[in-house]
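In terms of full-length UniProt numbering, the sequence shown opens at residue 1 and continues consecutively.
Watch out, some of these pointers could steer you wrong.
[Unchecked claim] Straight line, CA to CA, 27 Å or less: simulated BS3-like cross-link-like pairs of lysine-lysine:
id, residue 1, residue 2
1, K31, K295
2, K30, K319
3, K4, K295
[To be verified] For each label pair, taking beta carbons as the anchor points, the in silico distance ranges come out as:
id, residue 1, residue 2, range
4, W218, P288, 49 to 59 Å
5, Q114, A236, 34 to 44 Å
6, Y186, L92, 14 to 24 Å
I should point out that these hints are in silico values taken from the structure, not numbers from a laboratory.
Model, not experiment: these values are computed from the prediction.
Note that CB positions come from ideal geometry on N, CA and C, so glycine has one too.
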Amino acid sequence: MNKKHLYEIDFMRFFFIIGVLAIHTIGIVKKQFDPTSLTYQIFGGLHASFHFTRTSFMFVSGLVLFFSLSRRPVSLLKFWRKRFWLIGIPYLAWNLVYLMLHGQSPLTLTFYQQLGPHLLHGDLGYLYYVLVTMQLYLIIPPLFKWLQHNQRYHRVILYSSFWCQILITLLIKFVIPHLDTSHWPYLLSHYGVFVGTYQFYFIAGAITCLNYQELTEWLDSHGPKLIHLLWIAVPAIWLYYYYDRFILHLGDIASKSVHQPLFVLYACLFILIILYLGRRWAAHRLEPHWRWFSKWVALGAQLSFGIYLAQPIAITGFKWFLANTHLSTLALILITPIALLVIYGLSFGIAYLCYQTPYLAYCIGRPKKILKTRSSSCLNSAQPCKNNSYNQQPKHE
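All chains, full assembly: derive it from the sequences and hints.
Encoded structure:
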């Protein structure tokens, strides 16, 4: 791949981070309803239909990391040193923030006694994704070399990985819930934070990078047909959710879990559609009537990791608001899109404040030197900054 910057990936990151916040906003509002009510069930189906964002970001992570390595090959130790430095500081910093959000005082011994287990498990806020990303960093360099040396087998590798993913979801849905996992290693018993659980999405992103021209040529010609499939895919996910709830008698969490066979296909469809739409936007991003949107996409993509990390602060505020008001069902429904905009705006604002502040920029994976070269041009241009080669930060849910 000879391109210096994939603008369509900016679009994907911009779109998917909004989807992540939508999932969490809908989930909070849903909890205000009676679990036996029709409104709860409708919100449950809506909630499930947004569960493509986590695995879509896994795909983006694989694509971006391989894109970075293909442009600037580095030694294994240099790769790990740079990556873990950029992700380690935010991981530690936001664990501290989240502990304080939970009411723990950093002046007490209990605070630091709890910090260690949380750092090991990634179970505060939504930091599980950062823990998955750290595992990905460990395996990406050898995986990159292996896929490069076996380019003629990419289709076989991709198909094998896909069916392996289907098998993983079947085991998670139908087998593991009936096993005693209390003595399993943590990453296996808590499979949601294990990189192997998402292997297909990372491999698909990597193979997409190494065969980008071939894939995008196909996508440009078939994109409109894929969009039409949404008329089938979204209702299918709703029906799948209700099938799990009322036929299989699964709980709400299990019914909307991404670790189900149909959700693998659903995520693949959305990945292809958003990549296609991103390419359409990228082709017109500099046209006058697109410039305002292009500015938001450029900056939103730059701040997507920071938005992801900052969202629990805004979400905590929204939970406090709901706990101190008694809104009717209709009011809760009407407030949902407004709440999403507010949560996005607050998370964006916190991320941007960090982005513009030396030292705090490290807390969102944006070191000071990067900040100086980017901050003004990203705000005043429809184009993302030229030195944004996707090698500065992890991508998320």
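Starting from K4, check that the Cα of K295 is at most 27 Å away, please.
Cα-Cα ~19 Å, so holds.
**Item:** Y186 paired with L92, Cβ distance criterion 14 to 24 Å
**Value:** Holds - the Cβ-Cβ distance for Y186 and L92, about 19 Å, lies within 14 to 24 Å.
inquiry  = Range first: 34 to 44 Å. Now tell me if the beta carbons of Q114 and A236 are that far apart.
reply    = 42 Å, holds
Are the Cα positions of K30 and K319 separated by 27 Å at most?
12 Å, holds
Mind checking the hinted window 49 to 59 Å against the Cβ distance between W218 and P288?
This hint is violated: roughly 31 Å between Cβ atoms.
Is K31 close enough to K295, meaning Cα to Cα at most 27 Å?
Given pair K31, K295 is violated - Cα atoms ~35 Å apart, limit 27 Å.
Going through the hint list in order, the structure does not satisfy hints 1 and 4.
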